[in-house]
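Enquirer: Listed here are the chains, written in short residue letters.
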Amino acid sequence: MIKLKINGFDIEAKQGATVLETAKENGIDIPTLCYYPDLKINSDCRVCSVEISGSKNLQTACSTPVKEGMEVKTNTSKVYNARKTITELILANHDTNCTTCSRNLKCELQDLANTLGIDENRFEKVLEMDEVDNHNPSIYRNPNRCIKCGRCIEVCKDVEGTYVLENQGRSNEVKVAPKYGKYLSDEDCTFCGQCASVCPVAAITEKDDSQRVFDAINNPKKHVIVQVAPAIRVAIGEEFGHEAGGQWTGQLISALKRLGFDRVFDTDFTADLTIIEEGHELLERVKTGGTLPMMTSCCPGWINYAEQQHPDMLDHLSTCKSPQQMFGALAKTYYAESAKIDPEDMYVVSIMPCTAKKYEAARKEMQINESIQDVDAVLTTRELAKMIRSQGINFNNLKDGEFDTPFGITTGAAAIFGATGGVMEAALRTVSEVVNEKPLEKIEFKDVRGFDGIKEATVELGGNPVKVAVAHTLKHAETLISQVKAGKSEYAFIEVMTCPGGCVGGGGQPYGTTNKKRIERIESTYRVDGAMQIRKSHENPTIKKLYDDFLKEPLGKKSHTLLHTHYHPRHKKT
Amino acid sequence: MPEHKMLTKRIGDINPLSIKDAMEKGSYKQFKKALSMERIDIIDEIEKANLRGRGGAGFPMHIKLMSTAKQEATPKYIVCNADEGEPGNFKDRYLMEKDPHMILEGMLIAAYAVGASRGFFYIRGEYDQAISIMKWAIEEAKEKGLLGKNINDSGFDFEMEVRTGAGSYVVGEEFAMIESIEGKSGRTRVKPPFPTDEGVFGMPTLLNNVETYCNLPFIVEMGGNNYKKIGTPTSTGTKLISLSGNITNPGVYEVPFGTTIREVIDTLGGGVPSDRKIKMVQLGGACGPIIPEFMLDMQIDYERFEEFESKTGAGAIIVMDDRQDLFEVLLRIVKFFEHESCGRCTPCREGHVHLEKLLRKFFKHDGTPNELYSLESLARVIHQSSLCGLGQSSPISIISTLGYFRNEFHDRMAFDGGEES
Ligand SMILES: Cc1cc2nc3c(=O)[nH]c(=O)nc-3n(C[C@H](O)[C@H](O)[C@H](O)COP(=O)(O)O)c2cc1C
Ligand code: SF4
Ligand code: SF4
Ligand code: SF4
Ligand code: SF4
Ligand code: FES
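Just so you know, the protein sequences line up as chains A and B, in that order. Using the numbering used here, you'd call the opening residue of the first sequence number -17 and step up by one each time. Using the numbering used here, you'd call the opening residue of the second sequence number 500 and step up by one each time.
Think of the hints as simulated: they come from the structure by calculation, not from any bench. All values derive from a computational prediction rather than experimental measurement. Quick reminder that beta carbons are idealized off the backbone N, C-alpha and C, glycines included. Misleading hints may appear alongside valid ones.
To be verified - In silico EDC-like pairs for lysine to aspartate or glutamate, Cα to Cα no more than 16 Å straight-line:
hint : chain 1 : residue 1 : chain 2 : residue 2
1    : A       : 38        : B       : 656
2    : A       : 540       : A       : 244
3    : A       : 204       : A       : 244
4    : A       : 164       : A       : 113
5    : A       : -15       : A       : 50
6    : B       : 856       : B       : 870
7    : A       : 470       : A       : 460
8    : A       : 428       : A       : 442
9    : B       : 834       : A       : 155
10   : B       : 727       : B       : 875
11   : B       : 531       : B       : 720
12   : A       : 539       : A       : 521
13   : A       : 107       : B       : 855
14   : B       : 856       : A       : 106
15   : B       : 683       : A       : 148
16   : A       : 38        : B       : 805
17   : B       : 776       : B       : 821
18   : B       : 634       : B       : 660
19   : A       : 38        : B       : 802
20   : A       : -4        : A       : 50
21   : A       : 60        : B       : 875
22   : A       : 66        : B       : 875
23   : B       : 727       : B       : 543
24   : B       : 860       : A       : 106
25   : A       : 449       : A       : 429
26   : A       : 420       : A       : 521
27   : A       : -15       : A       : 20
28   : A       : 22        : A       : 140
29   : B       : 863       : B       : 827
What the hints assert, rightly or not - Simulated DEER-style distance windows between Cβ atoms:
hint : chain 1 : residue 1 : chain 2 : residue 2 : range
30   : B       : 725       : A       : 162       : 27 to 35 Å
31   : A       : 162       : B       : 538       : 45 to 53 Å
32   : A       : 163       : B       : 574       : 50 to 58 Å
33   : A       : -13       : B       : 631       : 50 to 58 Å
34   : B       : 822       : A       : 140       : 49 to 57 Å
35   : B       : 798       : A       : 162       : 20 to 28 Å
36   : B       : 574       : A       : -3        : 24 to 32 Å
37   : A       : 51        : B       : 574       : 30 to 38 Å
38   : A       : 82        : B       : 631       : 18 to 26 Å
39   : B       : 725       : A       : 161       : 27 to 35 Å
40   : B       : 776       : A       : -13       : 49 to 57 Å
Start from the sequences, fold in the hints, and give me the full structure.
Expert: Here it is, written out as structure tokens:
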């Protein structure tokens, strides 16, 4: 333990802790802007400046490790003046228009200005307006609100290994922008939205589709249905003041009903379906000597990445559409037929933890016919929370609702899709029983759980040991890919999720998502699974019925047209 | 006689393009002597000599040597900082153009002392002539077996190469230079770790100024205790001064620490031409304090300069006579830093623009008391909270003049009697 003083109080701290962490643990908040848990510390904003004995200049609390005997002052007028001046400087070069800004009341800069009591700015506005980037369906960039904190660069580079964004230029002309070209769509951007999730202000956000959804809801001709991804129910409560680690399925359903959706369905249903199709695809590949390892295809960020960076690997991708798209395709065929609704009049909305899903939904390959997309609009958890608030719905007072049929009965296997390793575990539960033709002794595959970047497991299939692997973040996926390329991959099946922790940590999840929260959401996910009556996809009775009534058989003709897809190389970097 | 020629003693006598000539006049003798010494003893002599960095920050050389030497990771690197991008400084160019082998010898001694195997000589891109001279000197040293494998049969290997900067001032900062050597854009890093722990490519790296290295052969030759006799008890040795501005004889002069600024200006520089009076003098370079005439009797040493919350800088003295307008001078300085800021940290990136705007008000006789306060507080915040030395030192000129020339700010207020309340 290290002994130091903060603001005159004696404090003990762990070796290696920073002044910022130590102060926080002891009830002293030091404001920050560029610091973000789990990201490399750049100390660029200087907002966390404090006085530290022995140095004349102020030091940044986020980057300074505690030392024995150190005396820290966080509340002197020198410190206050520096923070205030720095914040005023930022505001003088910022498109400050809070009331008409998507981050209003959810903005770290606004918070900071408010905490510091800035009621006027001594400095003249120097902002030169720059063009915004709204050239893709997922991510909206407004450089006029960028405070150059560098978080997006770090997350894209260090966490994802995608190197899309960079600092350009110098002096006060510095810009944070795509490396090549002007727009994100000129780039190999996967639209994962991790940048949007860490941006402290409204400089990178999801493209807001809530108005389109309201318009559909308010259009009496449209039958508007909504699907919710597994990762939403373990996160949405955080938008309404709850700690991470809970689950809010019932309230979420009620909120969606109050918003005016005609039917509220569960993407978990098509997650189960994905397992059936993908499981059979794997077995088919093994049997017929198809391309192995097979790699999962439910993460659209990963699909974008594979198409951009590894066009020679596309055969490894499962041809299964993601659960979101399978849902849309079935809604506008199977459900439309049975409910006697013209698919033209049906509007499918999905609530996703993900910004890349917006891109996926807009893909040409993802349509029923030339004029009808599987899915019409995708909303992130954050957009949904905003819509709920805007309609005066008091989320915390809602009674639990229930999903509508037919896409409402689901399994524990589908519930864990939201966690890294979840798709793999769900697949293993089904594939083992199908191949071994006897019930699993242990239904939980703990080897593929947890937050390690790469996890592996060996399972017995028909008497043979089969190795599988799971990676989350593209940086870790890249390790597995290079093994495949070098002909050294031992795996039959690989799960890849772009976002840290899997979809629970997606780019559209509530602001303030950290690895700690991701882990809590993952644990909650496994609790949801544990509490389910049916925990294996192939035991889902509505899935069985779907095959009996409509699809006939896994990988059959209907499945092929509705539930499977193909991929295209599309490398942008020059 | 204020001059004390040590580093500059043979300048003029030797041919910078001939290693043969340099060796005949003593070059590499001290390096060979060092090769026969224990590494720790070399560092010990440098500690006794109390040699401090000549590139601006004045950090004790032996501490850096020691921490690089005791690192176990290899390879270790050494870097010579010859970026000299700060207006008013030209002494490193002088050394490179006139006596390249003295610098190489100093670097070899340091490299041997810390166990470095590769050196980078980072020269400002505009210094064409210095670049070709240094490259030539390195070629000649290679031919003589003073660079390469198993130098002088000592088992010591050392390679050296010249790198050139792309005209940005901030790459002179040590970490920005290291990033640039690694092929990245020249922006600083967060410290710690320091370069001696994780420098070039994450390896232990010793980085010093040209002039700092040049002192090593002399310390090896005369021993730390003798070296220490030059200068003042706390600032030992000599300092090269780049003297410029309104001065009769501008140029590079070598003086022992403790010499007064007035001696340099009057005795060596021949005073201000055409009977003008000195109005102010900027010390160190564009990032240094501006002091009034009555302070010129202050001594050149590290301690006195630190009172200005500034370091000695690289040893520039820029003389300005009574025709110079303080605000024109300040504006020029601020615009320089505004342009050179790497744009990484907020106070420096965003602050200089507003320093310029505020100064411009006073320049146009249009300042207000509030603007004076804003200017002062902004200058202090940039100084206290910037990430690297650029922002930390760029407002020193403003801060110092707000002290010594405050009435000029008052005189430039929008209306008479613009008293601070
Ligand atoms: C913006 C900036 C520019 C600098 N430029 C130079 C330079 O041109 N030459 C130099 O030797 N040191 C320069 N320095 C100082 C270096 O960071 C470093 O302290 C110095 O090279 C260390 O060598 P020394 O200990 O021998 O002085 C600069 C520092 C800053 C902050
Ligand atoms: S980003 Fe924040 S500070 Fe800027 S306009 Fe939006 S809410 Fe206001
Ligand atoms: S969406 Fe993902 S890939 Fe694209 S810039 Fe943001 S972090 Fe990088
Ligand atoms: S876009 Fe957002 S995260 Fe990226 S540098 Fe700008 S403010 Fe920071
Ligand atoms: S002080 Fe200026 S030059 Fe240094 S890191 Fe900050 S912005 Fe860059
Ligand atoms: S939060 Fe510490 S410098 Fe930005």
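Enquirer: The structure should be examined with respect to each hint, and the outcome stated for every one.
Expert: Results of checking the hints against the structure:
| no. | hint | in the structure |
| --- | --- | --- |
| 1 | A/38 - B/656 | violated (41 Å) |
| 2 | A/540 - A/244 | violated (26 Å) |
| 3 | A/204 - A/244 | holds (9 Å) |
| 4 | A/164 - A/113 | holds (10 Å) |
| 5 | A/-15 - A/50 | holds (5 Å) |
| 6 | B/856 - B/870 | holds (10 Å) |
| 7 | A/470 - A/460 | holds (14 Å) |
| 8 | A/428 - A/442 | holds (15 Å) |
| 9 | B/834 - A/155 | holds (14 Å) |
| 10 | B/727 - B/875 | violated (40 Å) |
| 11 | B/531 - B/720 | holds (11 Å) |
| 12 | A/539 - A/521 | violated (22 Å) |
| 13 | A/107 - B/855 | holds (13 Å) |
| 14 | B/856 - A/106 | holds (9 Å) |
| 15 | B/683 - A/148 | holds (12 Å) |
| 16 | A/38 - B/805 | holds (11 Å) |
| 17 | B/776 - B/821 | holds (6 Å) |
| 18 | B/634 - B/660 | holds (8 Å) |
| 19 | A/38 - B/802 | holds (15 Å) |
| 20 | A/-4 - A/50 | holds (10 Å) |
| 21 | A/60 - B/875 | holds (13 Å) |
| 22 | A/66 - B/875 | holds (14 Å) |
| 23 | B/727 - B/543 | holds (13 Å) |
| 24 | B/860 - A/106 | holds (12 Å) |
| 25 | A/449 - A/429 | holds (11 Å) |
| 26 | A/420 - A/521 | holds (13 Å) |
| 27 | A/-15 - A/20 | violated (26 Å) |
| 28 | A/22 - A/140 | holds (8 Å) |
| 29 | B/863 - B/827 | holds (10 Å) |
| 30 | B/725 - A/162: 27 to 35 Å | violated (60 Å) |
| 31 | A/162 - B/538: 45 to 53 Å | holds (48 Å) |
| 32 | A/163 - B/574: 50 to 58 Å | violated (38 Å) |
| 33 | A/-13 - B/631: 50 to 58 Å | holds (56 Å) |
| 34 | B/822 - A/140: 49 to 57 Å | holds (54 Å) |
| 35 | B/798 - A/162: 20 to 28 Å | violated (55 Å) |
| 36 | B/574 - A/-3: 24 to 32 Å | holds (30 Å) |
| 37 | A/51 - B/574: 30 to 38 Å | holds (36 Å) |
| 38 | A/82 - B/631: 18 to 26 Å | violated (59 Å) |
| 39 | B/725 - A/161: 27 to 35 Å | violated (56 Å) |
| 40 | B/776 - A/-13: 49 to 57 Å | holds (52 Å) |
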